[in-house]
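**Q** Residues per chain are reported as follows:
Protein chains: 2
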Amino acid sequence: MAEQTTVAAATDSPLKRPREGDENGAAAFETNAHISSVIPGWFSEISPMWPGEAHSLKVEKMLFQGKSEYQDVMVFQSATYGKVLVLDGVIQLTERDECAYQEMITHLPLCSIPNPKKVLVVGGGDGGVLREVARHTSIEHIDICEIDKMVVDVSKEFFPDVAVGYDDPRVNLHIGDGVAFLKAAPEGSYDAVIVDSSDPIGPAQELFEKPFFESVAKALRPGGVVCTQAESIWLHMHIIQDIVANCRQVFKGSVNYAWTTVPTYPSGVIGFMLCSTEGPKVDFKNPVNPIDAIDKQSKSVGPLKFYNKEIHSAAFCLPSFAKKVIESKAAK
Amino acid sequence: MAEQTTVAAATDSPLKRPREGDENGAAAFETNAHISSVIPGWFSEISPMWPGEAHSLKVEKMLFQGKSEYQDVMVFQSATYGKVLVLDGVIQLTERDECAYQEMITHLPLCSIPNPKKVLVVGGGDGGVLREVARHTSIEHIDICEIDKMVVDVSKEFFPDVAVGYDDPRVNLHIGDGVAFLKAAPEGSYDAVIVDSSDPIGPAQELFEKPFFESVAKALRPGGVVCTQAESIWLHMHIIQDIVANCRQVFKGSVNYAWTTVPTYPSGVIGFMLCSTEGPKVDFKNPVNPIDAIDKQSKSVGPLKFYNKEIHSAAFCLPSFAKKVIESKAAK
Numbered sequence: 001m002a003e004q005t006t007v008a009a010a011t012d013s014p015l016k017r018p019r020e021g022d023e024n025g026a027a028a029f030e031t032n033a034h035i036s037s038v039i040p041g042w043f044s045e046i047s048p049m050w051p052g053e054a055h056s057l058k059v060e061k062m063l064f065q066g067k068s069e070y071q072d073v074m075v076f077q078s079a080t081y082g083k084v085l086v087l088d089g090v091i092q093l094t095e096r097d098e099c100a101y102q103e104m105i106t107h108l109p110l111c112s113i114p115n116p117k118k119v120l121v122v123g124g125g126d127g128g129v130l131r132e133v134a135r136h137t138s139i140e141h142i143d144i145c146e147i148d149k150m151v152v153d154v155s156k157e158f159f160p161d162v163a164v165g166y167d168d169p170r171v172n173l174h175i176g177d178g179v180a181f182l183k184a185a186p187e188g189s190y191d192a193v194i195v196d197s198s199d200p201i202g203p204a205q206e207l208f209e210k211p212f213f214e215s216v217a218k219a220l221r222p223g224g225v226v227c228t229q230a231e232s233i234w235l236h237m238h239i240i241q242d243i244v245a246n247c248r249q250v251f252k253g254s255v256n257y258a259w260t261t262v263p264t265y266p267s268g269v270i271g272f273m274l275c276s277t278e279g280p281k282v283d284f285k286n287p288v289n290p291i292d293a294i295d296k297q298s299k300s301v302g303p304l305k306f307y308n309k310e311i312h313s314a315a316f317c318l319p320s321f322a323k324k325v326i327e328s329k330a331a332k
Numbered sequence: 001m002a003e004q005t006t007v008a009a010a011t012d013s014p015l016k017r018p019r020e021g022d023e024n025g026a027a028a029f030e031t032n033a034h035i036s037s038v039i040p041g042w043f044s045e046i047s048p049m050w051p052g053e054a055h056s057l058k059v060e061k062m063l064f065q066g067k068s069e070y071q072d073v074m075v076f077q078s079a080t081y082g083k084v085l086v087l088d089g090v091i092q093l094t095e096r097d098e099c100a101y102q103e104m105i106t107h108l109p110l111c112s113i114p115n116p117k118k119v120l121v122v123g124g125g126d127g128g129v130l131r132e133v134a135r136h137t138s139i140e141h142i143d144i145c146e147i148d149k150m151v152v153d154v155s156k157e158f159f160p161d162v163a164v165g166y167d168d169p170r171v172n173l174h175i176g177d178g179v180a181f182l183k184a185a186p187e188g189s190y191d192a193v194i195v196d197s198s199d200p201i202g203p204a205q206e207l208f209e210k211p212f213f214e215s216v217a218k219a220l221r222p223g224g225v226v227c228t229q230a231e232s233i234w235l236h237m238h239i240i241q242d243i244v245a246n247c248r249q250v251f252k253g254s255v256n257y258a259w260t261t262v263p264t265y266p267s268g269v270i271g272f273m274l275c276s277t278e279g280p281k282v283d284f285k286n287p288v289n290p291i292d293a294i295d296k297q298s299k300s301v302g303p304l305k306f307y308n309k310e311i312h313s314a315a316f317c318l319p320s321f322a323k324k325v326i327e328s329k330a331a332k
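Heads up: the sequence lines are chains A and B, in that order. Going by the UniProt record's numbering, the first sequence opens with residue 1, and the numbers climb by one from there. Going by the UniProt record's numbering, the second sequence opens with residue 1, and the numbers climb by one from there.
The reader is advised that the hints may include incorrect statements.
Now the in silico label distances, taken between C-beta atoms and shown as ranges [stated by the list, open to error]: (1) B:N115 with A:M49: 43 to 49 Å; (2) B:Q77 with A:S138: 52 to 58 Å; (3) A:E278 with B:S300: 28 to 34 Å; (4) B:K324 with A:P160: 47 to 53 Å; (5) B:S300 with A:K117: 30 to 36 Å; (6) B:D242 with A:D161: 40 to 46 Å; (7) B:P211 with A:G202: 37 to 43 Å; (8) A:G52 with B:K210: 39 to 45 Å; (9) A:T137 with B:K61: 41 to 47 Å; (10) A:S189 with B:D242: 33 to 39 Å; (11) A:M49 with B:G188: 48 to 54 Å; (12) B:V288 with A:P280: 50 to 56 Å; (13) B:A184 with A:P160: 56 to 62 Å.
Hints are computed from structural coordinates only; laboratory data are not their basis. Quick reminder that beta carbons are idealized off the backbone N, C-alpha and C, glycines included.
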């Protein structure tokens with residue numbers, strides 16, 4: 001306990017370089033209030049969002065610890081999941097399983113509409129969603145609005161295979177508040193909006209609220225689509241219920257929930273809300289814009305690792321306990 | 001460190017009652033070599049089967065620690081996942097998410113064939129698979145062969161909603177080795193065999209080997225089906241590759257891999273091998289024996305929480321990285 005207190009007192013420095021090669025090297029983590037004591041030499045993800053459980057990864061080397069205007073940013077080399085990006089104590093991506101999240105949050109919406117041309121990414125500062133959007137040859141313009149420049153910089157330095165998304169000439173990076181960006185966006189201008197946010201505790205809170213969804217709907221063309229990160233069916237059914245209720249009020253086309261497996265996210269799954277605005281009907285469960293053929297052209301980033309059209313449709317099949325809640329909302 | 005050594009010296013007692021109400025109560029776990037130091041008051045699942053990562057659950061109260069002839073058996077009340085059964089340091093079930101595993105391992109095979117009458121469960125001593133098998137009104141006879149009586153006894157004492165499966169009069173419990181039981185079974189006698197095993201390190205090792213699959217195939221009727229626990233696509237692709245190769249040699253009907261989400265299993269997913277013997281063709285992906293209707297009759301155990309026919313078919317859709325490996329084996 002003494003050690004914890006001592007190290008915690010050193011939290012003032014905005015950029016911390018941890019001790020290395022120390023059996024109790026995890027003490028370095030104590031400089032970050034979001035990272036609790038736990039297994040020496042391991043990072044443990046403890047949060048009120050998932051009380052009573054924690055996933056831990058063995059740390060080989062601490063690579064970066066910083067405090068941006070918005071959050072704590074950390075990168076470490078893990079023993080078995082490659083490099084890991086952590087924001088406010090919560091794992092955002094690991095090199096080993098990021099493919100599942102990035103490919104699904106991107107291709108679920110973009111493969112559901114013919115010829116997407118203009119896309120907005122809100123959040124997603126690591127660049128992984130950009131990398132996936134860029135696989136679609138129909139795309140002409142990609143805006144990304146990330147609030148935290150440190151996330152972009154850290155990704156470019158430590159995750160070149162993810163930040164490669166920024167190399168595409170169609171990408172326009174805006175550092176700023178996604179809520180404000182969307183309010184200022186011309187009406188009906190985007191074919192798709194992808195909201196790659198962190199959890200609703202912290203800077204991403206507003207991205208789960210109704211006014212934000214209203215801005216998204218306005219910025220989309222008729223029959224345009226949005227895909228937002230929508231938590232875990234095992235952990236956050238009450239949050240999902242609220243998101244579904246809000247989306248049913250705002251989006252007059254389709255409103256669907258999908259999920260996929262991501263081992264390093266709490267409970268091992270993550271969900272997505274997929275909605276469309278009034279206009280040409282979007283049948284999210286039966287993709288009309290297959291990427292398998294297009295993808296052969298995409299030499300710079302390698303083939304898709306996770307997404308295919310079968311897993312696209314399967315993602316919308318929910319366990320009975322989740323279906324009951326999500327579809328009962330539909331009845332209201 | 002001194003405490004660890006001291007407590008470890010007390011491992012001789014076959015039944016350990018832990019200290020309670022102690023901030024460092026986790027020291028009680030140190031009596032079990034499979035359970036590492038870690039977070040005080042938490043259980044952490046550390047294994048060479050998933051190096052460099054560990055899932056931890058907060059312990060409210062230790063309920064049972066024993067050492068059977070085969071393995072360490074532990075039950076604790078967790079803070080947020082209900083009661084938890086642990087064998088050799090590995091979580092077997094929690095009250096919160098056991099529905100996913102038990103329902104999928106049972107109904108994937110039984111809903112794929114018309115009128116299953118005689119079923120064998122290998123392992124599954126907790127009784128959860130029995131509970132699910134018993135939902136099928138066509139079933140006349142259920143054999144279960146569990147090697148470890150302590151698992152059965154502990155489940156009956158601490159997990160009544162799981163062990164309820166034993167209450168069904170069609171159930172016949174055999175305590176013994178599943179491998180020997182299958183060798184002695186009359187040929188062509190079962191419609192389905194469900195292998196609910198632990199990981200291939202420990203007493204379940206033989207259940208992943210070719211001679212065992214040969215015994216299963218012999219015991220099944222023509223067009224009979226087997227479903228075996230088959231690890232995680234994220235962690236154990238090499239084990240899965242071997243299982244698939246063995247099954248393709250042994251089972252001359254269909255051979256398929258399916259998966260589902262179970263938050264408290266490593267990487268958050270678990271897979272199943274589903275195979276059929278030569279005979280009437282079995283199309284696992286399109287179930288012919290829906291349980292939704294039958295299930296209304298099953299009043300004693302409550303409605304299905306996880307399984308439905310959409311998630312049955314979806315379970316066979318694999319991420320591209322897994323599809324590539326599993327289907328390349330198919331080509332051989």
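**Q** Run through the hints listed earlier and report the numbers of any the structure violates, in increasing order.
**A** Failing hints, ascending: 3, 4, 5, 6, 7, 9, 10 and 12.
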